[in-house]
Structures are given as structure tokens and as C-alpha cells.
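Asker: Sequence:
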Amino acid sequence: MMSIKSILLWRILPSIALALACFVGYLSQHELPLGLFFTIIIPASNGVLPPQIFGHGKMKGTPEVPDDLSPQPRPENEMFLTLPGSGDLMPQNGVGMCCRPTAYDDELVYRSTLWYLLLGGRHIDGAQLYLNSKAVGRGIREAMRRGVKREEIFLTSKIFPTHYGYESTMKVVKSELDDLGLEYIDLFLLHFPSSGPLGSPCSKEGKGISQCRKETWQALSELRNKGNIRNAGVSNFAVKHIQELEAMTDVAPVANNQISFSPFVPEKAMETVEYCHQRNMTVTAYMPLGGQHQRSLVMRDLAGLSTKLGKSVSQIMLRWAIQSGCAVIPGTGNPNHMKENLSVYEIELSDAEMKQINELKYNAKGYMNMDTNMFD
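When we follow UniProt numbering, the leftmost residue of the sequence shown carries the number 1, and every step to the right adds one.
These aren't lab readings, by the way, just hints derived from the structure by calculation. Hints may contain errors.
[What the hints assert, rightly or not] Derived pair list, reagent style BS3-like, types lysine-lysine, alpha-carbon separation capped at 30 Å:
{"hint": "1", "residue 1": "Lys134", "residue 2": "Lys149"}
{"hint": "2", "residue 1": "Lys134", "residue 2": "Lys60"}
{"hint": "3", "residue 1": "Lys58", "residue 2": "Lys339"}
{"hint": "4", "residue 1": "Lys207", "residue 2": "Lys240"}
{"hint": "5", "residue 1": "Lys134", "residue 2": "Lys174"}
{"hint": "6", "residue 1": "Lys339", "residue 2": "Lys60"}
{"hint": "7", "residue 1": "Lys149", "residue 2": "Lys339"}
{"hint": "8", "residue 1": "Lys240", "residue 2": "Lys171"}
[Unchecked claim] Restraint-style ranges between C-beta atoms, simulated for each label pair:
{"hint": "9", "residue 1": "Asp351", "residue 2": "Arg300", "range": "34 to 44 Å"}
{"hint": "10", "residue 1": "Ser312", "residue 2": "Glu78", "range": "11 to 21 Å"}
{"hint": "11", "residue 1": "Phe54", "residue 2": "Asn358", "range": "37 to 47 Å"}
{"hint": "12", "residue 1": "Gly85", "residue 2": "Glu31", "range": "22 to 32 Å"}
{"hint": "13", "residue 1": "Gly325", "residue 2": "Thr249", "range": "24 to 34 Å"}
{"hint": "14", "residue 1": "Arg300", "residue 2": "Gly181", "range": "40 to 50 Å"}
{"hint": "15", "residue 1": "Asp250", "residue 2": "Leu305", "range": "41 to 51 Å"}
{"hint": "16", "residue 1": "Leu297", "residue 2": "Asn336", "range": "22 to 32 Å"}
{"hint": "17", "residue 1": "Asn334", "residue 2": "Pro33", "range": "42 to 52 Å"}
{"hint": "18", "residue 1": "Glu359", "residue 2": "Lys171", "range": "40 to 50 Å"}
{"hint": "19", "residue 1": "Arg74", "residue 2": "Ser350", "range": "23 to 33 Å"}
{"hint": "20", "residue 1": "Lys226", "residue 2": "Gln72", "range": "32 to 42 Å"}
Just so you know, these numbers come straight off a predicted model, no measurement behind them. Every residue, glycine too, gets a C-beta built ideally from N, C-alpha and C.
Start from the sequences and build out the full structure, keeping to the hints where you can.
Answerer: Written out as C-alpha cells, the structure is:
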């Protein structure tokens, strides 16, 4: 009889290795392997069968949108940020289209997009990496059919660093527009300063990551002049990366930096936000409640303020980010949560309340924040 050790060594481990090799091979066949990886891992890690493998439209989550639902009024006291260069107004409250199981089921992405626009929201944040642009575009077009004006919608997309370079950027933007079924994208961002060892078509030509970023920025600037995109920006960029683009001539201004921002981010991240504001560059904040550990502490420490204002801690933190001069893009596929998020325009935090939140520095050093200064 084989021992447990022998079974583990000769049967189970080889099976695991084979399965892993097959999975890696499956991913490598895709144009964006990391995006495909997320479409599988994020649902699976939440106990949900990945739609990418088992089919779309089977996941429970976002309810169907009634056929007779027409566009609701936009939020009262809606606030905007003005983008440099174009003067376009970006709503300070949006919805993010990634990083939750329902963001990887095309039917639920379609419903989420349509719900959000019909409920009065107008700012949608997407990306090449999320692999759901076709569903987002379908939702936008249906909302337009029901009466939402395209010029009211503010749509963001992003190019992943594995596709940096002039020619590849041109192809990615065209592909995104084709998938969305739209004539233009309001804001197009460089998603990260670098893809690390993954490389890009540009880097395979022997060019450094700095040159590849510049080539992508040149391409986006030309696409902006042609009207394919209206604004260009960056995401997860440190000050040094922004300055690199600002030093270029005859290109688009850096209109936006989308980064993780909360009271707990390290000082370097705070300095990046301050730099952007000084340069009249808009900032979009994701994760305003921090990570899971910070979230639990915030829930505890702001419970009294939540009771006083009659708003959830999540709503309070969204409002904090807005009053800090940022846009927010909380991700949800739940129409009720969308309504709650849009209602933060009704809140106004006092100076004392803003100070109370700003002083939540108890664990800034332990905050799980990617330091993008590490990228060349």
C-alpha cells in the first residue's frame, strides 16, 4: 500500500503541476493574459464560477433593468472637476467597472452600466484590462436609446503597459472604440507606469519603459487632436512619471491621475495628490476607505459621525474624498448602492469633520499601498 507521502509525491503534486501548466498555457494564448487571469481569479476567490469559463449571464447579482425604466434626474448639487486643456467637466462621483465578481459577467456589466446611467449617474470608469468594454458599451448605447445624451456621459478607459508604444497604443484605442461602439472616449489613461517583467511591443524593440510611455503619450495626444479621445491622463503615476510627460513638447496636458487615496496612504502618495492639485491636474481616488484592515477601523472610529449625519461610513468617506478635491469611482453592481453613492452630494462635511477624518493616521505606515516610485 502506498503511503500518504507517496500518494502526495507521485499523484497529487504532478496533477497540480499539470493543471497549473495548462492554466498558464491557456492564459498565454490571450492578448492580455493578466486581464484574463483577473476575470477568472476574482470570481473564483469569491466562491463564484468564473463566467469566462462557465458562460456569461448565469451569475446572480445585478437585477434586470425594467424595460419601461426611463432616465431619472441627475443628482441635486452634483459636483464636477474641470479637466485642463479641454475644459470638460468630469462628475466627481462615478462607478468603477472592475475588481468584483459581477464586473466579469458581461450581462451583469451591461445591467450595471444601464442602471447607473438611468439612475442619474454619468461617470463610468473602465479599462482595457477589465475585458468588459463590449458590455459597458452595450449599456451606454441602451441608455442613449432611452434618452440619456452621449455628451452628458463621461467615460474613462485605460491602456495597460503591456501595450505601450506608439503603434500598439493606436491599435488599443481603436479596439476599445470598436468594442464600446462609440465615436470617442472622454478620458484615456496610462494604467500603470510599468508592467515590470511582462514587457510590451515597444520594449521588445529594445526601448526603455520611459521611452515607451512617451510613445504612448504621443499617440494619445494625436488621437486627442483627431477627436478619438477628448482628454489624456495617467493612473498610479508618481510625481517623477508625471514630470516626464510634462517635459514633452506639443503634446496633450496631463488631465488626470487616478490613484489610491485615503487618509491612510503613505506620505509619498499624499505628495502626489498635492502635486497634481498644484498643477491643476484632476485626481480620481479609488479605495477611499483603504484596505480591509483600514476599513474595519474606519467603521469603528466614524460610527458616531455616521449616526450624527444619518449616512453610512462609506458615504462619508466618499464625501471626504470629494471635498478633498478628488473624483471617486466606487465599484458596485447593486442599484441600491448606486443610489446611496450618488446621494453623497447631499452631504457636506464641516471643517471639524474633515479634520477628524484627516487625522485617521493610526496605521498609515502599515497601509498596503503600492509605491509606484519603485518603477523607472
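Asker: A separate judgement is required for each hint: does it hold in the structure or not?
Answerer: Hint check:
1. Simply put, Lys134 and Lys149 have alpha-carbon atoms about 19 Å apart, close enough for the 30 Å limit, and the pair holds.
2. A distance of roughly 20 Å separates the Cα atoms of Lys134 and Lys60; the hinted pair therefore holds under the 30 Å criterion.
3. Distance check on the hinted pair: Lys58 and Lys339 sit about 25 Å apart at the alpha-carbon level, within 30 Å; holds.
4. Of the supplied pair hints, the one linking Lys207 and Lys240 holds, its CA atoms being roughly 19 Å apart against a limit of 30 Å.
5. Restraint check for Lys134 and Lys174: satisfied, since their Cα atoms lie roughly 13 Å apart, inside the 30 Å limit.
6. Between Lys339 and Lys60, the direct Cα distance comes to roughly 20 Å. Compliance with the 30 Å bound is thereby established for this hinted pair.
7. The suggested pairing of Lys149 with Lys339 holds, with an alpha-carbon distance near 20 Å, which does not exceed 30 Å.
8. For the suggested pair Lys240 and Lys171, the alpha carbons sit about 27 Å apart, so the restraint of at most 30 Å is met.
9. In this structure the supplied range 34 to 44 Å is violated for Asp351 paired with Arg300, their Cβ-Cβ distance being about 23 Å.
10. Hint check: Ser312 to Glu78, Cβ distance near 20 Å, so the stated range 11 to 21 Å holds.
11. Separation of Phe54 from Asn358 is about 45 Å and conforms to the stated range, judged on CB atoms against 37 to 47 Å.
12. Taking 22 to 32 Å as the suggested C-beta distance range, the pair Gly85 and Glu31 conforms, at roughly 31 Å.
13. In this structure the supplied range 24 to 34 Å holds for Gly325 paired with Thr249, their Cβ-Cβ distance being about 28 Å.
14. In this structure, Arg300 and Gly181 meet the distance hint of 40 to 50 Å, their C-beta atoms being roughly 45 Å apart.
15. Between Asp250 and Leu305 the CB atoms are about 49 Å apart, so this pair conforms to the stated range of 41 to 51 Å.
16. Take Leu297 and Asn336: their Cβ atoms lie about 25 Å apart, and the range 22 to 32 Å holds.
17. Between Asn334 and Pro33 the beta carbons are some 30 Å apart, a value that contradicts the proposed interval 42 to 52 Å.
18. For the pair Glu359 and Lys171, the beta carbons lie near 47 Å from each other, so the given range of 40 to 50 Å is met.
19. Checked against the hint of 23 to 33 Å, the C-beta distance between Arg74 and Ser350 comes to roughly 26 Å, which is consistent with it.
20. Range check, Lys226 to Gln72: about 34 Å between beta-carbon atoms, so the 32 to 42 Å window is met.
Of the numbered hints stated above, those contradicted by the structure are hints 9, 17, listed in ascending order.
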